[in-house]
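Reconstruct the complex from the two isolated chains, following the hints.
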Amino acid sequence: MTSVEDQVRAATRAAAETLREVRPLRLPPAPGTARGARPARRFKGWIAPVTAAAAVVALAISLVLVREIPNGRAVPPAPPVSSSAVPRYYVALPGADNFANVPGAPTAVVGDTFTGKRLYTVRPSGADKFVSVSAAADDRTFVLGANPHLSPPAGPMATAWYLLRLTPGSGAGYTVSKLPIPAPAPDDLVDATALSPDGTELALAGFQDVPQPANAPQAGASWLRVYSVATGALLHSWSTHQAAFSPYTTLSWTAGGNQLAIGYTWSGRLGVRMLDAASQGHDLITDSRLAWSVRTSGTSATTRTSPLSCALALKALVTPDGKKVVCSAAGALRATKTPSFGGPACPAGPPSSDAGFLEYSTATGKLLRTLYAYDTNCVPGGIDTLWASPSGDKVIGYIRLGLQPLTKTSVLRFGVFSEHKFTPLPVPPTTETIPNAIAW
Amino acid sequence: MAGDAIGAGRRATFRRPVSLYYVDHVDTEDTDAGAWTAERHVTALYQAHALSLARLALVMLGDAAAAEDVVQDAFFGLYRRWHRLADVSAALPYLRTSVLNGCRTALRRQSQRGALPLAGPALESAEATVLLGEEHRAVLAAVRRLPDRQREALVLRYYLDMTEDQAADAMRVSRGTVKSATSRAIAAVGRMLKEGS
Numbered sequence: 001m002t003s004v005e006d007q008v009r010a011a012t013r014a015a016a017e018t019l020r021e022v023r024p025l026r027l028p029p030a031p032g033t034a035r036g037a038r039p040a041r042r043f044k045g046w047i048a049p050v051t052a053a054a055a056v057v058a059l060a061i062s063l064v065l066v067r068e069i070p071n072g073r074a075v076p077p078a079p080p081v082s083s084s085a086v087p088r089y090y091v092a093l094p095g096a097d098n099f100a101n102v103p104g105a106p107t108a109v110v111g112d113t114f115t116g117k118r119l120y121t122v123r124p125s126g127a128d129k130f131v132s133v134s135a136a137a138d139d140r141t142f143v144l145g146a147n148p149h150l151s152p153p154a155g156p157m158a159t160a161w162y163l164l165r166l167t168p169g170s171g172a173g174y175t176v177s178k179l180p181i182p183a184p185a186p187d188d189l190v191d192a193t194a195l196s197p198d199g200t201e202l203a204l205a206g207f208q209d210v211p212q213p214a215n216a217p218q219a220g221a222s223w224l225r226v227y228s229v230a231t232g233a234l235l236h237s238w239s240t241h242q243a244a245f246s247p248y249t250t251l252s253w254t255a256g257g258n259q260l261a262i263g264y265t266w267s268g269r270l271g272v273r274m275l276d277a278a279s280q281g282h283d284l285i286t287d288s289r290l291a292w293s294v295r296t297s298g299t300s301a302t303t304r305t306s307p308l309s310c311a312l313a314l315k316a317l318v319t320p321d322g323k324k325v326v327c328s329a330a331g332a333l334r335a336t337k338t339p340s341f342g343g344p345a346c347p348a349g350p351p352s353s354d355a356g357f358l359e360y361s362t363a364t365g366k367l368l369r370t371l372y373a374y375d376t377n378c379v380p381g382g383i384d385t386l387w388a389s390p391s392g393d394k395v396i397g398y399i400r401l402g403l404q405p406l407t408k409t410s411v412l413r414f415g416v417f418s419e420h421k422f423t424p425l426p427v428p429p430t431t432e433t434i435p436n437a438i439a440w
Numbered sequence: 001m002a003g004d005a006i007g008a009g010r011r012a013t014f015r016r017p018v019s020l021y022y023v024d025h026v027d028t029e030d031t032d033a034g035a036w037t038a039e040r041h042v043t044a045l046y047q048a049h050a051l052s053l054a055r056l057a058l059v060m061l062g063d064a065a066a067a068e069d070v071v072q073d074a075f076f077g078l079y080r081r082w083h084r085l086a087d088v089s090a091a092l093p094y095l096r097t098s099v100l101n102g103c104r105t106a107l108r109r110q111s112q113r114g115a116l117p118l119a120g121p122a123l124e125s126a127e128a129t130v131l132l133g134e135e136h137r138a139v140l141a142a143v144r145r146l147p148d149r150q151r152e153a154l155v156l157r158y159y160l161d162m163t164e165d166q167a168a169d170a171m172r173v174s175r176g177t178v179k180s181a182t183s184r185a186i187a188a189v190g191r192m193l194k195e196g197s
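Note that the protein sequences, when read in sequence, are chains A and B. In terms of our numbering, the first sequence opens at residue 1 and continues consecutively. In terms of our numbering, the second sequence opens at residue 1 and continues consecutively.
It is possible that part of the hints are untrue.
Said to hold, decoys possible - Quick list of in silico lysine to aspartate or glutamate cross-link-like pairs, DMTMM-like style, CA-CA up to 25 Å:
hint : chain 1 : residue 1 : chain 2 : residue 2
1    : B       : Lys-194   : A       : Asp-139
2    : A       : Lys-421   : A       : Asp-393
3    : A       : Lys-366   : A       : Asp-287
4    : B       : Lys-179   : A       : Asp-6
5    : B       : Lys-179   : B       : Asp-165
6    : B       : Lys-194   : A       : Glu-5
7    : B       : Lys-179   : A       : Glu-5
8    : A       : Lys-117   : A       : Asp-139
9    : A       : Lys-366   : A       : Asp-276
Read the hints as simulated data drawn from the structure, not as lab findings. Note that the coordinates shown come from a computational prediction; the quantities given were computed from them, not determined experimentally.
For reference, chain B alone in the conformation it holds in the complex (with noise of 0.2 Å):
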């Protein structure tokens, strides 16, 4: 058969392509790097990550709508700070990190209004009831329950199957510091599984 024919021809070794590469033809139209250019980067951005990214948040947070906060004001700091980006690779790292951030602040604002856990009407409405099993709702309750730090090393190892290097990056914190967290995270999640089944 004609496919018979087609060998593997000479291998190469490839690099990992970067997470956030534009082709020149975004650039076209802008004929200086001034606002209108962070305008139409940024918006490229959102269209390309704002649901990642949101999805994310939601994870962290377990709330649909202050998920989307975090991530609108993440992209809006971004906007701000465009001129000061060395390299435009750098926006996605900046954006993660930033959400990750805003999720910390939304999550302290919560614990000293004396609140419990974000609940997520998303995550807990009629229609995640059905969308998401009874074990998934139970493993996100315990993941919710864990304090911020280990709740946080949880969701970028597991959920966005970081590294234990790229998690510490994200996090700012070190390679150490993830390991231990993410160690008791997953050990009191299984605990609180095992106390509720």
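Chain A extracted, bound-state conformation (with noise of 0.2 Å):
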């Protein structure tokens, strides 16, 4: 039977998340403020709170919206973004991936997707690093996870959480502070974080170094926790020992808030793991299912499988409709003669290998498309999708040459990728060796 005090807490969450919004805040112009052109931004006189009718609380899971003093400044809340759009705003981490010498970003660069613009540059305080991104649905609200006492060849996770909130066209245009979610302990490595699509909540899931059970396929117990991001309060955790995640894990929530996706390795495959974020209860297998799966190869990039297949893909990507995992897809070497490392990028000849994109299935697991097939005579190094649409019919990925670091020389392929259809987009100041380095 719930005890009294978890109805309380479960009472007093449910009444306080039917508020969506508040009203502008409100303040008296600053006094002697003559200067510049402030002045003529400012209410003319103060404007006392004026006790409003009921609040209106959405049915819909909507965003969360805190409107600015319309004083010239304002900017109104962003709008929906549509189906399909490609959301104008990134958050990159540039050189956040060099495990070796460098971990962690000691910037974060705001840009615009569609000019490729450096917009703002953000800095963590005091030593901390970036280690990781992720996104809101609305364009505008991030949250940046960082360590400050990475060393190499530490993996990127994160001790503590910055909420980043995109205001263009005012003051700095963005704001930053950061959030009371508690550092995890010494032995909680955090591999994936993913904002729900209000930005109210965040996932976080990770993997923690102890004792093995009995029964268990290894040491350590992979968690998954929701934390609010108003007030820090751990809201739900699952855990296992039936799986291990890595940095290679990803985590995302479907558009409504609903679900959450779980990619990982185990034994040989990639899967997706589609998790009822209201589920009661807190055992991360028994309580979620396995959406999709594939055998990965591992295997070195002279030996592909054919046709396209994700067979060496590192991780998948589930569409905000929570309907379909899109892989990044490599097909067969069809060259008469192996290339080798060291060899040139692109060979003299006719196209002799593919890449692309494949769509499965949540529902199934089946195949359901080849989202984009690319034929060139270049060796294909990575190939990786970024965002996706609600419904994955577009989504943002890249193709590039070998192993070399993501620039516009390397890249084969950067942009949206639509059934057979690509549009470039200039190439963001980032890494694609971990995830969690860029996000829309």
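This is how it looks when you write it as structure tokens:
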């Protein structure tokens, strides 16, 4: 039977969630502010808070809106991103991926997806370095994971989180504040981060090095925790000894905030589990279902399978509608001569290899379609998906040469991939060797 | 697989981050520490915390409009006292205490007028009826019937998950007072739920 304490906890939180937005803050004009252009943008007088009518309670999950003072610096709430519109802003962590030399990024860059222009550079406080970034669905709200004590070869494990809100056209253009989410215990390694679409909850997936139970396939426990962004309170947690998460584990929310999708590898397979975010249990395996998996070969670039398959994929992306998995795919090398490392990345001759993206159903696990296939005489190296539209009709991803860093010259394709169509985008200043290094 | 090569590395003990912390960029445009700075900071604080504080007040009062009034007053009070804040990290605790004080005042006004504890149109609306299950509404009704101090202790301990020490700080009472108020509140809510079932 649920204790009274648990009932109080659940009821008060449910009641709190019925409030989705607050009215603008009204402040009096600052005294003695005659300088410059500032006074022209202020209120003429103080408007006393007026007792409003009952708050509007949205039935659908809606974005949390806090409207700014409408004094000329106001930014209207971000319009809902249309069903397949590519978000305008991204946040990237340049240099975050070099585990051997430079763990963590000293800055985060806010950029314009379509022009490639760097808009803002965000610095963490103190000795923190940014190691992950996750985005809400409003194209304005991001959470940056940070860690001040990484030393190589440490993975990108966050121990603190910052909330970044873009406010284009107002003041500095953004605000940053550290979130009251507690740092994990020393043996708790955070591998993946996902901000809920409405920006109110932060999901973390990780691995804890704990003694191995008798029937567990490996030591350690993988866990998934959901925290309140506003209060830092732990809202729910699940764990299991039946899976081992890693820095390549991926985590995302479905559009309504109802489900969490966790992608990870085990025993020669890459798969995705879907978890009901409102489930009452705490077992990560029994409370979720395996939505898709593929056998991974882990073999070198010279012995790929044919036709296109996701056998070499390290991670998979679940579309926000929760219905599809998009994975990066490679096909057989058709060249008569096997290219070797150190040889030309694009040997002369006809197209000899292919790369692209495949789409699978999370309901059946079966292949739905080839989203994009690219024939090339170059030897594709990394291929990855970085963002998907709600229905998965568009993804942002890349296909790049060999093992080089992601740059304008190393990339074969960076942009929006849709059915048999590619629209290039400027290459952002990011990396591709770790997940969560860029977010839209 | 590549991921297997990424080991844990050396683990260090990290201190808990402070609850409110600004990076330098918030201040770059301010050339004086006057009202403009206060407005910028308070506005940023409002963006970051107003909703969570309003939710706290809503849980205390059961009325969304009253909750928003309390929060507006709290931020206005902070704005007026900004120059007296020793440390910007004290702003959020100040706001929380201010919101709790505001809730106490609102509840006292209600009881002086002889009205029932705030029924909360927002929590009794058709929308809330859909959003809140019957069990939750019964629990909330019981919480709203508690004496102010017991209600406050219960909300801080179980809604905000504060420790007894943290709740004692926020309520400006002793830890023992929080402990006994919480214990009585739980017993009272349990009784009311049993009577109503």
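Here's how the hints hold up against the structure:
Taken as a hint, the Lys-194 of chain B and Asp-139 of chain A pair is broken in the structure, with Cα atoms around 47 Å apart against an allowance of 25 Å. For a cut-off of 25 Å, the pair hint linking Lys-421 of chain A to Asp-393 of chain A stands: about 11 Å separates their Cα positions. In summary, the hint linking Lys-366 of chain A to Asp-287 of chain A is supported, as the alpha carbons are separated by about 22 Å, within the 25 Å threshold. Between Lys-179 of chain B and Asp-6 of chain A the CA atoms are separated by roughly 17 Å; this keeps the pair inside 25 Å, and the hint holds.
At roughly 9 Å between alpha-carbon atoms, Lys-179 of chain B and Asp-165 of chain B fall within 25 Å of each other, so this suggested pair holds. Between the alpha carbons of Lys-194 of chain B and Glu-5 of chain A the distance comes to roughly 14 Å, so the proposed pair stays at or under 25 Å and holds. The hinted pair formed by Lys-179 of chain B and Glu-5 of chain A meets the criterion: a straight-line CA distance of about 14 Å does not exceed 25 Å. Only pairs whose Cα atoms come within 25 Å are accepted, and Lys-117 of chain A paired with Asp-139 of chain A is accepted, the gap being roughly 16 Å.
Restraint check: the Cα-Cα separation between Lys-366 of chain A and Asp-276 of chain A comes to about 21 Å, which is no more than 25 Å; the hinted pair holds.
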